[in-house]
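J.: Below, each chain spelled out in residue letters.
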Amino acid sequence: DAGVIQSPRHEVTEMGQEVTLRCKPISGHDYLFWYRQTMMRGLELLIYFNNNVPIDDSGMPEDRFSAKMPNASFSTLKIQPSEPRDSAVYFCASRPVWDNTEAFFGQGTRLTVV
Amino acid sequence: GDSVTQMEGPVTLSEEAFLTINCTYTATGYPSLFWYVQYPGEGLQLLLKATKADDKGSNKGFEATYRKETTSFHLEKGSVQVSDSAVYFCALQTGANNLFFGTGTRLTVIP
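Going down the list, the sequences are from chains A and B. The first sequence begins at 1 in my numbering and counts up by one. The second sequence begins at 1001 in my numbering and counts up by one.
It is possible that part of the hints are untrue.
A short list of chain B residues far from chain A (calculated; beta carbon distances all over 12 Å) [said to hold, decoys possible]:
no.	residue
1	Y1036
2	S1058
3	K1060
Here are the simulated distance ranges between beta carbons [claimed, not checked]:
no.	chain 1	residue 1	chain 2	residue 2	range
4	B	R1106	A	T76	26 to 32 Å
5	B	T1051	A	T76	31 to 37 Å
6	A	S58	B	T1070	28 to 34 Å
7	A	S27	B	K1068	33 to 39 Å
8	A	S87	B	G1095	41 to 47 Å
9	B	G1009	A	E83	43 to 49 Å
10	B	T1051	A	S27	43 to 49 Å
11	B	G1061	A	E83	42 to 48 Å
12	B	T1051	A	Q17	41 to 47 Å
13	A	G59	B	K1068	35 to 41 Å
14	A	T101	B	T1071	16 to 22 Å
What the hints contain is simulated information worked out from the structure, not anything from laboratory work. Yeah, the Cβ is synthetic: ideal placement off N, Cα and C, and Gly gets one too.
Produce the complete structure using the sequences and hints provided.
T.: Printed below as a string of structure tokens:
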């Protein structure tokens, strides 16, 4: 398996624009997590899914952020409208239901909002 | 709530020096403990883990022992290499579905 795949790797956008980040989890993994990494706050869990269903979105910072998982092999994190303070690295991670002791991370999307 | 307190960085060491990165935790119940490593431009990778008290996790020359009495999980390596330069994250998991990460410690090893 190629691992968790995220796209794009880098995104630069203007304030007010819509941004969509994409993630393909490892095949067979039932859990998918979205994290945000910033210098100030470190790694924060935004939302996670189990079998495509959002379970806990309490980490989503505000209504401008939304996440979907239409099927087991694809998830999106959308920011609309984007703001400069959303600039961060966004990671997607997945893990199987039979082993809750390791999460597999993608390479991340570096988002810059100018 | 559950949390991880990790030694502030950055840490700069000469090659072959001894490494310790401190990590303490606060948790209800009996968490599993982890060290993840992030190399430049990459996502996090699991380095080692321990799921119960007194367990020792080890990998690539790194070790950490789950100490319930001191609520600690310090990372150690006897002789670091330049290739160990990375950011190291201590993390805990209580329940099935969330990892709480420390703030990360950047390690730079110079030849």
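J.: Hint by hint, which ones does this structure get wrong, listed from lowest number up?
T.: Numbers 1, 8, 9, 10 and 13 - these are the hints that the structure violates, sorted from lowest upward.
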